[in-house]
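Asks: Based on the sequences and whatever the hints tell you, model everything.
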Amino acid sequence: MRRGRALPPWSLTVLAALALLFLLLPLLALLLRAPWASLPRLLGEPSVRDALRLSLVTAVIATSVATVVGVPLAWVLARVDFPGRSLARALVTLPLVLPPVVGGVALLLALGRRGVVGGLIYDWTGWSLPFSTAAVVVAETFVAMPFLVITVEGALRGFDQRYEEAGAMLGAGRLTVLRRVTLPMLAPSLAAGVVLCFARALGEFGATITFAGNAPGRTQTMPLAVYLALEDDPQAAIALSLVLLVVSLAVLLLLRDRWLRRDLLT
Amino acid sequence: MTGGALAAQLQVERGSLSLHVDLAASAGEVVVLLGPNGAGKSTALRALAGLTALTAGRIALGDQVLDDVEAGVFVPPERRPVGLVHQDPLLFPHLTVRDNVAFGVRARGADRAASRRVAAEWLERLRLDHLAAVRPAALSGGQAQQVALTRALAAGPQLLLLDEPLAALDASTRAVLRTELREHLTTYGGPSVLVTHDPLDALVLADRLVVVEAGRVVQAGPPGDVARRPHTDFVARLVGLNLYRGTRAPDGAVALDGGGVLRAAGTSSATGPVLVALRPGAVALHASHPEGSPRNVWRGTVTGIELVGDRVRVAIDGAPSVLADVTAAAVADLGLQPGLGVWISVKANDLEVYRSAPPPP
Chain R
1 MRRGRALPPW
11 SLTVLAALAL
21 LFLLLPLLAL
31 LLRAPWASLP
41 RLLGEPSVRD
51 ALRLSLVTAV
61 IATSVATVVG
71 VPLAWVLARV
81 DFPGRSLARA
91 LVTLPLVLPP
101 VVGGVALLLA
111 LGRRGVVGGL
121 IYDWTGWSLP
131 FSTAAVVVAE
141 TFVAMPFLVI
151 TVEGALRGFD
161 QRYEEAGAML
171 GAGRLTVLRR
181 VTLPMLAPSL
191 AAGVVLCFAR
201 ALGEFGATIT
211 FAGNAPGRTQ
221 TMPLAVYLAL
231 EDDPQAAIAL
241 SLVLLVVSLA
251 VLLLLRDRWL
261 RRDLLT
Chain L
267 MTGGALAAQL
277 QVERGSLSLH
287 VDLAASAGEV
297 VVLLGPNGAG
307 KSTALRALAG
317 LTALTAGRIA
327 LGDQVLDDVE
337 AGVFVPPERR
347 PVGLVHQDPL
357 LFPHLTVRDN
367 VAFGVRARGA
377 DRAASRRVAA
387 EWLERLRLDH
397 LAAVRPAALS
407 GGQAQQVALT
417 RALAAGPQLL
427 LLDEPLAALD
437 ASTRAVLRTE
447 LREHLTTYGG
457 PSVLVTHDPL
467 DALVLADRLV
477 VVEAGRVVQA
487 GPPGDVARRP
497 HTDFVARLVG
507 LNLYRGTRAP
517 DGAVALDGGG
527 VLRAAGTSSA
537 TGPVLVALRP
547 GAVALHASHP
557 EGSPRNVWRG
567 TVTGIELVGD
577 RVRVAIDGAP
587 SVLADVTAAA
597 VADLGLQPGL
607 GVWISVKAND
617 LEVYRSAPPP
627 P
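Top to bottom, those sequences are chains R and L.
Each step along the first sequence adds one to the number in the working numbering, with nothing skipped, and position 119 is 119.
To convert, count from 1 in the second sequence and add 266; that's the working numbering.
Treat the hints as calculated values from the structure; they're not laboratory data.
Bear in mind the structure is a predicted one, so any value in this text is a computation, not a measurement.
Don't be surprised by glycine CBs; every beta carbon is placed ideally from N, CA and C.
Check before you lean on any hint, since a few could be wrong.
Simulated restraints, written as ranges between beta carbons of each label pair [what the hints assert, rightly or not]: (1) L/434 <-> R/8: 17 to 23 Å; (2) R/9 <-> L/434: 43 to 49 Å; (3) R/6 <-> L/506: 56 to 62 Å.
Replies: Structure follows, in structure tokens:
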């Protein structure tokens, strides 16, 4: 006698297996074709090291900026009732679905040398943002911040506000309550938002190449380096891809780690 | 800490809720708001805390005005010298017991070291110092609620609000904490307002009982008076009394609105609309018309029998209907069962007759 539920329909099983295979095969190919022997030498090359360093530095800065302004944005969206709140909420999610290259064009039109705001800055100071390392940070922040805002806002809205009332009744103002009660209790969600934001910033390609260009050592991040290396040095491209894969896996593990799942409220 | 008496006129209109409650509590006095669920008790408490906006009215603590709709005064919750203990302890899970208790002290301006010292003193005073380093997740329900009370007291409130503070606890913890709470409220020294729907909490903890039904005060007074002479069916049910409305004639006979006549002892000057309260234990049941002196004798039909403690509560349909508490032996002797006709007798001395005066303001 078979115990438990009946087997799933074979048609669904076959299609599901196909989908899984489709997702796994490219990653498998990457591992199979990786130049394991020459990997240390490839990763040691100055151009690769530059791209890796630039990527990490810009992604860390972008994530920090996104956290410093994104958490307050999430708080306002979740806690302050103002006209146009649902519109603001929709606008925040727009960069999530917008093709990144469109984001890059939009950033150029806003902050470029002849952009709406960038033009004014250029006229006054003679300085223009695009095609600088700062532009990489701006592009990454633009694309990655919504991940953080949405994660934190969702957590804030699901948060038991009686804890905030308890803090207020003990004499703590809203800022103190946010700092000493809400954010510590939402630490797992906050961490998830930060990690997602960092991963998205690290992988950013379209907005970066459009807005910041592709100058080695200055604006050429890992994804750009991978794309360019594919033409003249495919082995290096594979090596770089492996590094990004490892980082992504690390992010996934972090997100699934028990530490992030631990629910402080129960 | 004392900051003077509480004087509040609370009016909140929100959706289907309409609350009009005036409250006064002097320093050291425990006022208990008692009422059924949804009566507006918790809303009244939230309004005192500043968590719910008043539609109209005023809240003053001594000479500080916390809320005055007409004058446009509203002190936000974090600047009110008011402590709130909720049904759930709501301890901050990421802080130790000591840091939870220190939270309010620190929020009101003390530095970390000073606030921890104050917290340690309070924990010792409430005999909880052995829990100082523990996190809330490791506390029992009763301990957590004690810590919540300590946390509220340590912040030095001039008004203490307690919203069903014992409701989430099991019966034995509840009995212990009820006694302790009484002690702490006495030593606290400021006015306290406690909300409950449990009559035992109300009778043990209250200096003055305010009964709220459907957003209005229906009765207020010392708990003993309220328990002896309930004004509404809700209170009568809570304290386990039969309550009848009627009109008293000069000869002392009360013609009940629901049918039947009850005669109380003596002749009273009180005529007109009155209430009559009757303890179920004072009701006697008989198989045939009783001999002797009882002034009130009538016939009824048993509709329900239920064991309550070591007594049996018998519901009887008649004019008037009545709840009677009798012994198990009496149930057996009389062969009581639903549908059986019985004779009911009540001595005139056992009836409490009083005016259904409107509640004092």
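Asks: Now, for every hint given, state plainly whether the structure supports it.
Replies: Evaluation of the provided hints:
no. : hint                      : in the structure
1   : L/434 <-> R/8: 17 to 23 Å : violated, 44 Å
2   : R/9 <-> L/434: 43 to 49 Å : holds, 48 Å
3   : R/6 <-> L/506: 56 to 62 Å : holds, 57 Å
Violation of the numbered hints given earlier is confined to hint 1; every other hint is satisfied by the structure.
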